[in-house]
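Novice: Here is what each chain is made of, one letter per residue.
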Amino acid sequence: MASTRTKNRRAAMALSVVVAAMVGLAFASVPLYKLFCQVTGYGGTPKIKVAAGDSVSTRQIEVRFDANVNRDMPWRFKPAQVHMTVKLGEPKLAFYRARNDSDETVTGTAVFNVTPYKVGPYFSKIDCFCFTEQTLKPGQEVDMPVEFFVDPEIFTDPNTKDVHAITLSYTFYRSEPEDSDKKAETAARPADGDSKIKG
Amino acid sequence: MAHAEAHHDDHHHPGFFTRWFCSTNHKDIGTLYLWVSMFAAIVGGLMSWYIRAELAEPGLQFISNDAEGKQFYNVLVTGHGFIMVFFVVMPAMIGGFGNWFVPLMIGAPDMAFPRMNNISFWLLVAGFLLLLTAAFIDGGPGTGWTVYPPLSSIDFHPGRAVDFGILSLHVAGASSILGAINFIVTIFNMRAPGMTIHRMPLFVWAILVTAFLLLLALPVLAGGLTMLLTDRNFGTAFFNPAEGGDPVLWQHLFWFFGHPEVYIIIIPAFGIISQIVSTFSKKPVFGYLGMAYAMAAIGVVGFVVWAHHMYTIGFNVDTRAYFTAATMVIAVPTGVKIFSWLATMWGGSIKFEVPMMYALAFIFLFVVGGVTGVTLANASADLVFHDTYYVVAHFHYVMGLAAILAMFAGWYYWIGKMSGRRYPEGLARIQFWFFVIGVNVLFFPQHFSGLAGMPRRIPDYPDAYAPYNYISSVGALITAIGTLLFFVVIWRTYASKETVEANQWGEGATTLEWHVASPAPWHTHEELPDMTGKAPAE
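Top line first, the protein sequences correspond to chains P and E. For the first sequence, the residue numbers in the numbering used here are 2 to 200. For the second sequence, the residue numbers in the numbering used here are 20 to 557.
To be clear, the hints were calculated from the coordinates, so they are not data collected in a lab. Misleading hints may appear alongside valid ones.
[Unchecked claim] To be clear about the criterion: a stretch of chain P counts as covered by chain E if any three or more of its residues have a C-beta under 8 Å from a C-beta of chain E, and this derived list gives those stretches:
| hint | segment |
| --- | --- |
| 1 | 5-15 |
| 2 | 166-175 |
[Unchecked claim] DEER-style ranges, computed between Cβ atoms:
| hint | chain 1 | residue 1 | chain 2 | residue 2 | range |
| --- | --- | --- | --- | --- | --- |
| 3 | E | Phe-253 | P | Thr-59 | 48 to 58 Å |
| 4 | E | Leu-547 | P | Ala-29 | 39 to 49 Å |
| 5 | E | Leu-308 | P | His-165 | 47 to 57 Å |
| 6 | P | Glu-63 | E | Leu-308 | 35 to 45 Å |
| 7 | E | Ala-72 | P | Thr-108 | 46 to 56 Å |
| 8 | E | Gly-78 | P | Ala-29 | 21 to 31 Å |
| 9 | P | His-165 | E | Val-493 | 52 to 62 Å |
Note that beta-carbon positions come from the ideal geometry of N, C-alpha and C, so glycine has one too.
Using the sequences plus the hints, can you model the full thing?
Specialist: Take a look at the structure:
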């Protein structure tokens with residue numbers, strides 16, 4: 002019987018390793034999921050690039066701008082332009098206007114995505130106010146820039162060539178929530194899916 | 020096995036406390052699991068009858084028309100789901116019948132780790148108590164069994180109720196993982212000589228596949244729940260978009276566990292039904308290997324279809340196409356099982372004993388639920404059906420009722436072996452008809468109210484849905500009578516003087532549990548049976 006006992010213990014050990022590995026996988030899924038969204042543009046996650054490519058197409062696409070604030074965020078936040086028409090491949094600068102309506106200094110970060118979700122891989126940001134935290138003094142109003150371009154490939158992909166308008170959406174969240182034990186995140190990250198519904 | 024019987028009266032007269040609280044005997048632990056399951060079924064059942072009473076007519080009759088009343092309704096829905104999944108079906112199928120009959124069927128004297136078996140059981144009890152505690156503090160958890168953030172976040176459930184619910188699932192999950200390890204080791208290492216993997220009865224195959232699903236799925240739930248717990252209490256932001264998290268990640272983690280979970284519930288039922296159909300057709304199961312590997316295939320494919328629960332979050336067309344197709348693939352191995360059961364019966368000498376009647380009712384209900392499942396697998400259709408009563412009807416048929424009917428089937432099939440008594444035949448048949456008619460009257464109309472757009476988890480509805488809901492509630496009443504009758508059957512069985520012989524069902528019952536006395540003695544298979552060269556036990 003002793004050999005059965007040893008065999009049983011060994012098998013139980015091996016199975017415990019499987020359990021531990023699956024718990025590890027669950028936690029590993031958090032960074033992997035973010036990475037997956039950023040690499041594939043999944044769920045309308047725009048790409049982040051250093052510069053636009055060389056090819057500029059003569060074709061044009063409409064980009065619409067949308068702005069939301071979380072209910073805990075005492076800012077007024079609006080796009081400076083409702084929409085613009087851009088040439089594919091050409092870097093463009095757009096502005097969002099934010100104003101702190103409260104009587105205290107407030108820091109916030111914006112999460113963002115584009116709709117329809119499927120255009121995520123073709124919408125690239127070169128620079129954006131959403132890459133860092135923004136701080137506004139009471140009553141301060143600023144124009145915040147975002148530099149982006151739309152990849153000309155969008156019209157060759159059969160999945161996306163029916164798209165004629167892209168909506169770029171931001172939701173501003175307050176960085177330090179009232180309860181001070183919550184740690185503020187320093188870098189804004191792309192949000193997926195329903196996040197902007199909360200705004 | 021006269022000598023085995025002589026044995027059990029020789030030694031072993033543990034006192035009540037030692038026998039039931041410190042038990043390491045697979046049969047006693049199995050019995051404990053079955054009783055806990057029955058008790059939890061009363062609690063979960065009362066919740067569902069309260070829901071049906073509220074939904075019998077439009078307007079609010081039983082809950083108060085304020086935030087507390089509606090939260091109470093949400094807590095009922097949540098509690099019903101949790102209890103039925105984690106504390107009724109899983110304990111009865113895996114802990115109860117699994118513990119009782121896996122060692123008996125493979126010719127092992129007990130489980131591989133008898134003391135771990137005891138820990139599994141008591142962790143389950145602790146989990147159940149934590150869940151009941153959750154229901155009574157801070158308004159209770161009103162999150163639904165899916166516990167989606169942001170509803171389950173600290174902003175919308177500020178009390179301790181959701182934390183208790185999370186801990187309950189952690190503890191119940193640990194119980195199931197330990198149980199799963201125990202079953203896998205037992206089945207791999209403790210089989211009698213000659214009982215090869217391909218000679219194991221299909222119920223043992225079912226428990227083996229289920230144990231692997233538990234082993235792979237539950238740790239993912241545990242991981243997700245831990246993230247939710249730290250999000251709620253320790254300032255992390257896994258699911259909070261304000262700080263860079265994403266609530267959709269929870270849905271992925273939950274359903275990566277949740278979809279295999281529905282197979283964890285139904286695969287043991289497949290095993291029970293295979294034993295019963297074979298026994299009462301007096302034929303070996305048609306396509307034994309196909310049946311075994313169909314269960315394995317369902318288990319494997321079950322891990323790659325989870326996103327069909329979340330079509331509405333905005334997947335792109337390709338993703339929807341994949342999950343639709345992958346989901347429909349599951350209809351192939353399940354079809355293999357259905358047709359093999361039919362082929363087993365074909366040309367068989369069928370006896371309509373109560374377990375067989377329940378097995379046939381199981382097949383009928385499972386097919387109805389399977390058909391609506393194929394409908395719901397279509398992403399484009401599901402966008403419309405999502406969160407309607409059509410979905411409620413689907414999953415109650417395919418996993419709720421099918422599992423409960425298989426549990427009844429197993430109870431009637433094995434109670435002679437477990438208690439040594441015969442169940443009251445006439446009363447059992449009446450109980451069968453009340454229950455089976457009741458659940459169909461209850462859930463069939465919900466297909467129609469669902470197609471008409473009635474949303475789930477809402478305590479009130481427009482008058483247009485009133486007739487369907489009234490019929491549903493009448494069905495719930497009939498089901499309640501059937502449930503009550505079952506407890507009368509239990510009482511009459513244990514009070515009965517009529518004993519049963521070792522092989523109650525005659526020549527159709529070929530598996531090893533029918534070779535030991537009834538009731539099964541304290542110790543069985545102390546001398547390992549030699550199965551060398553024998554036909555597959557099914």
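Novice: The structure should be examined with respect to each hint, and the outcome stated for every one.
Specialist: Quick rundown of the hints versus the structure:
Counting residues of the segment 5-15 of chain P whose beta carbon lies closer than 8 Å to any beta carbon of chain E gives 5, which reaches the threshold of three, so the coverage claim holds. With 3 residues having a Cβ less than 8 Å from any Cβ of chain E, the segment 166-175 of chain P passes the three-residue criterion, so the hint holds. Checking the proposed 48 to 58 Å range against E:Phe-253 and P:Thr-59 shows it holds: the Cβ atoms sit about 54 Å from each other. Hint check: E:Leu-547 to P:Ala-29, Cβ distance near 43 Å, so the stated range 39 to 49 Å holds.
Under the hint 47 to 57 Å, the C-beta atoms of E:Leu-308 and P:His-165, about 56 Å apart, fit the expected range. Checked against the hint of 35 to 45 Å, the pair P:Glu-63 and E:Leu-308 fails, with Cβ atoms roughly 60 Å apart. A beta carbon spacing of about 52 Å between E:Ala-72 and P:Thr-108 agrees with the range 46 to 56 Å that was offered as a hint. Hint check: E:Gly-78 to P:Ala-29, Cβ distance near 49 Å, so the stated range 21 to 31 Å is violated.
P:His-165 and E:Val-493 have their C-beta atoms about 54 Å apart, which keeps the hinted 52 to 62 Å range intact.
When held up to the earlier numbered hints, the structure conflicts with 6, 8 and fits the remainder.
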